[in-house]
Amino acid sequence: MIEINLVPDVKQELLRAQRTRTAVITISIISGLAAIGIVVLLLVYVFGVQAVRSGLADNAIKEQSEKLASVEDLSKILTIQNQLEQIDLLNEGKKLDSRLFDMLQAVIPPEPNQVQIVSLSLDADNSSIVIEGQTPAYDNVEIFKKTIEGAVVTYPLDGEEQSDQLATDVSLREISYGEDASGQRVVRFTLSFAYPDSLLAASIDTIVIKLTNEGNVTDSYLGIPRSVFVTDGGAE
252 MIEINLVPDV KQELLRAQRT RTAVITISII SGLAAIGIVV LLLVYVFGVQ
302 AVRSGLADNA IKEQSEKLAS VEDLSKILTI QNQLEQIDLL NEGKKLDSRL
352 FDMLQAVIPP EPNQVQIVSL SLDADNSSIV IEGQTPAYDN VEIFKKTIEG
402 AVVTYPLDGE EQSDQLATDV SLREISYGED ASGQRVVRFT LSFAYPDSLL
452 AASIDTIVIK LTNEGNVTDS YLGIPRSVFV TDGGAE
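Residue numbers (the working numbering): 252 to 487.
Heads up, some of the hints might be wrong.
[Stated by the list, open to error] In silico EDC-like links for lysine to aspartate or glutamate, alpha-carbon gap of 16 Å or less:
1. K461 / D374
2. K396 / E383
3. K346 / E383
4. K346 / E317
5. K396 / D376
6. K346 / D448
7. K461 / D309
8. K461 / D415
9. K396 / D420
10. K346 / D420
In short, the hints are calculated from the structure, not lab data.
Using the sequences plus the hints, can you model the full thing?
Quick look at the structure:
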């Protein structure tokens, strides 16, 4: 059997090119229609669904506002609520001034080196303490000063013991000699220092004031009775 190709090769190539072009055009049209469909859906969502949701939200807000407006003495309730919140903030930032007595009990040297406290002033804004006192001898003033400088505040934090220096920027001034009410000669003085937040912080349940001689190796320090540095004071 003999087959005769009546379509030249050039004609066949042209037909294949036409079929390819038709397929590309068809796919492009389908893709364009799909893209248009997606855009239409997005427009429906934005201008339809979102509008409905916004309307529902506005209605809910209006309804709740009307309910709040109908509550009797609403302004008083809100004022009380705000005051309660302020009380919580004040409790967090309040100072336990009573710990000052425990501090004095810990740092006042025992006899024969003890001093008498005439007055104690607390400046919570600047975290400073000013002590006015008197004692029979000037050496006792130095002992008192070095005792305070060697004290630390210890407290638990996350299961570990933390410590802060009790006094920084210690200043001894206004030293004078005079007589007390009984006519005895005394040395009067004023001692001031900055204290750490941990000393009076209400957020710390328990503190312990410890005395230490670490880092003090001067001759005057070594002459202080060792009994001065063995007393611990506790505060809650």
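Run the structure past the numbered hints and jot down the numbers of the failing ones, going up. Hints 1, 3, 4, 5, 7, 10 are the ones this structure does not satisfy, whereas the remaining hints hold.
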